[in-house]
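Q: Each chain is listed here by its residues.
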Amino acid sequence: MNASSKKLAVTLAAAVLLSLGVFRFWAFSAEEKEGPEKEASAAEEDGGKKTPAPDSKPPGAQPQSVMEDAEATPVAPPPFSPGIFPCSGCHEDLDPNPTVRTLKRKHTNIVLEHDEKNRWCYDCHTQGNMDKLHLASGKPVDFSESYKLCGQCHGPTLRDWKAGEHGKRTGSWSGAKQYLLCVNCHNPHSPKFQPLKPLPPPVRPKDLRP
Amino acid sequence: MKSFVTFVLGSMRTVFRGSPAYFAWIGLLVLLIIQGIGAYCTQATEGLIVTNMRDSVSWAFYIGNFTFLVGVAAAAVMLVIPAYIYDWKPIKEVVVFGEILAVSAVIMCLLFVVVDMGHPERFWHLMPFVGKVNFPSSLLAWDALVLNAYLGLNLVVATYIVYCAFNGKHYNPQIVVPLVIFSIPMAISIHTVTAFLYNGMASRPYWNSAILAPRFLASAFCSGPAILLILFQVLRKVTKFEIKDEALHKIAELMAYAMGFNLFLTAAEIFKEYYSDTQHLVHIQYLFGGVHGEHSPIALYGWASLLLGIFAFLLFLVPATRRNPVTMNAGALMIYASVYIEKGIALIIPGYTPDTLGQIYEYVPSITELRISAGVFGVGFLALTLMIKVAVHAMFIPHAEHAEHEGASHDTPQVAPPEAAAKPA
Amino acid sequence: MAHECHCETIDCQTPAGNEQAPSPDRREWVKGMAAVAAGLMAAGCTDQASVDAFLQKHFRELSKSELQEVLERLEKQYSEQYGKDVEVKATPAKEGVNFGYALDISRCIGCRRCVYACVGENNQSRDPQVHWITVLEMDKEHGVSLEHADAYYDGEQVPREGKFYFPVACQQCSNPPCCKVCPVNATYPDQDGIVVIDYDWCIGCRCCMSACPYGARRFNWSDPSIPSDEMNPDTEYLGNRPRPKGVVEKCTFCLQRTRQGLYPKCVEACPVGARKFGNLLDPKSEIRYILENKRVFILKEELKTMPKFYYYYGL
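Protein chains in written order, with the working numbering: chain A, 1 to 210; chain B, 1001 to 1425; chain C, 2001 to 2315.
Here chain A stands alone, though its shape is the one from the complex (with noise of 0.2 Å):
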């Protein structure tokens, strides 16, 4: 009962941030990505301010959960920058900061756009334990499970994740599939795609010549 309601505020909070319509995710590369090395190495000595998620109820949440099914998604494995993990090699020793600042001593590629107005590193990242994120609930999940994190603003993104229809998947069409995590292409940080150099046009057929 009381697990579930907390299931529901969850996917309405979800709810409120698409409708703000905050995110949109254009490009990203799979080439040029630097992104994934900086995502998941978020926290820093110190802390930030607290905001807790949004909690207002608008019209259109959606009643079933993506969250918490007992099936383990196959997923790439966390694309943390070399030698970064675990948080706690450095972190141990640190008291958290929760203060929102720029960071001066590490993490400086850290760059945050992603809801910046209202978060900061604890709301994700766990403050005592960084070898962990955490849901809005407290409860801790594993940086290979992140998609929980990003599926309680993302929804519906995450009902399609799981569908196979948003991100790319590979392997087999008929078998054992490979899922990407979010972060393996949105940078948590900085969710938005960076744009592309296209690949050259094609030859124009007045310039095919023998």
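Among the hints, a few may not be true.
As the list claims (entries may be wrong) - A short, non-exhaustive set of chain B residues, derived as facing chain C with CB atoms under 10 Å: (1) R1054; (2) S1058; (3) D1116; (4) M1117; (5) P1120; (6) S1209.
Hint data in this document are derived by calculation from the structure and do not stem from the laboratory. Ideal Cβ placement from N, Cα and C applies to all residues, glycine included.
We have chain A already, so just place chains B and C on it with the hints.
A: Chains B and C in isolation, oriented as in the chain A frame:
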């Protein structure tokens, strides 16, 4: 059987005799053929990339010529109808020359298809029972079938009539008349099937018009008789072939109706496109002007065809000008040119421009295409010339002369080089 | 002209199912023709392989052993030509499979990664260039309109302001006009819905190119060239084996991959996940999910070609 051998040998002898003008004409045709073979060798080794056809415009000059010549082949035999209806005196000759023209035209048609193919050596795939023919749905398969049948039919009839004349006998009307009558629906069918080849393609709105086949027939009734009109005059001048002016005027009058009908159908098509003003209008815009502000390289031809057609129609419509030999011949040449452009360029190219994805490739034929086409026309005109020579010899020279020695060929009437009729455009 | 021959069955069979011996007189006839043709060709092409190639029957009329001979001959030819072991398979279509493809035009950014991945996978000619996929740039202002489509856009960055992108390749129609017009049945829809071409049977008349409303078919205007080191040696007879000049080719849904259960190469290459593929007969496939949940349309619907290539708006 023995007499047939004599006929063949006699014909061979005829072909190798003639005036200097005759040999000059034959020499010219042979030169055309040789250079055409040279160009075709290049195409065969390098591939069709030596043409200017590309994926966007995947049929062009060759198939345009093919289409035009199907019309010529069909219309030549159609002349049989007025010949019977008006009971022209030299009906036998009219039939023979019509069929000889049809045979030459079909030979050219088939050659144009062959030079357009990527793998001509796989022609046997198209043969019933031997290959794997996509009957009944493929119209090209039908076209190959009816063209070959038409070729065979006309070849047989023409050979038989000439053969009988050679032996001084009258042909057996019980054999000839049914075959000639049968060749009339065949003529309509080759042209209709060819029209359907384009017409059936829903992907090309420019061709996907129900009046395409009627337009084909109407224009064939203009261009086919135009050739014969000139051919008959030439023959009348240089041989004992007799055809009255009235018969020529009758042909011209029938042509005037055909031209009027052809123009009417063209106008109907133009009206439909411009008045409804849909996306499909671009093709006709490309023909007469250009699209996206770019001037079309074929606009000149589009207008030339239309205006020549109108002008020729006016010349043939007025009895005075269609009876005057000068204006009649000018009109015949004009309508010939008009239909040649209409079938060769104006039908094919705008169908592909813009292509099915809206992209524009401005096609103009390459030198190789022109050379190979000239070679094919060379073959056709060579066949025409030789067949006419044999026919004239057999039909207008007393029987005794063939049987005896052939030395008197100086006195025999010669076919002048039919340049006037020979100009494709 | 020819002997009467009664071996022409009305329906054609798959090579696996074809145990019927070819009629002797037909074979004789063709052999006679081969001799004539060989004589005509005179210069140097009278070796056994060329004669065999000339005589080769339609793919669906080859018996098992004949097919084996053909595949071996081709493997030998390609292996020599490209200096590596080339495999040519003839995997039959799977039962219970009808392939479908969906493309999300709200996500495609027009980067052409699919185009070049396809070229590499499917051994398309580099010079003269052959691309099976055409990516069209369209104006948001005009919507899906081929009149305002540009296949030759270029620039530093895509997507460009006010534009969207619309890739087109073979739509694998259920009612394919190309197959209807082919005079020799060289192209036909296979059991799994893929429209295939027997490159050794195609006569190069290009009727199919005129009939295709999607500009999907490509002709080999000259001998295709593929750099040996880039040539993909894992090939299929009806799919990505090197083509001769003078025949038509097009997208085959990567049948050398998809008949082995893999996704087509373009699906894997797309950096934005706009391309989706699966079995239309499997209710759990992603393609079915899209058909049931998204706003789908097909190109040139009015022509009733019934494509199995669906465009949709995922966003």
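Q: Confirm or reject each hint.
A: Results of checking the hints against the structure:
For B/R1054, the interface hint holds, since its Cβ comes within 10 Å of a Cβ in chain C; the closest pair sits about 7 Å apart. About 4 Å separates the beta-carbon of B/S1058 from the nearest beta-carbon of chain C, less than 10 Å, and the hint is met. The criterion of a C-beta within 10 Å of any C-beta in chain C is met by B/D1116, whose closest approach is roughly 7 Å, and the hint holds. Nearest Cβ of chain C to the Cβ of B/M1117: about 5 Å, under the 10 Å cut. The hint holds.
With its C-beta approaching chain C no nearer than about 8 Å, B/P1120 sits inside the 10 Å limit, and its interface hint holds. This hint is violated: B/S1209 has a C-beta 15 Å from the nearest C-beta of chain C, more than the 10 Å allowed.
Hint 6 from the list above is the single one not met by this structure.
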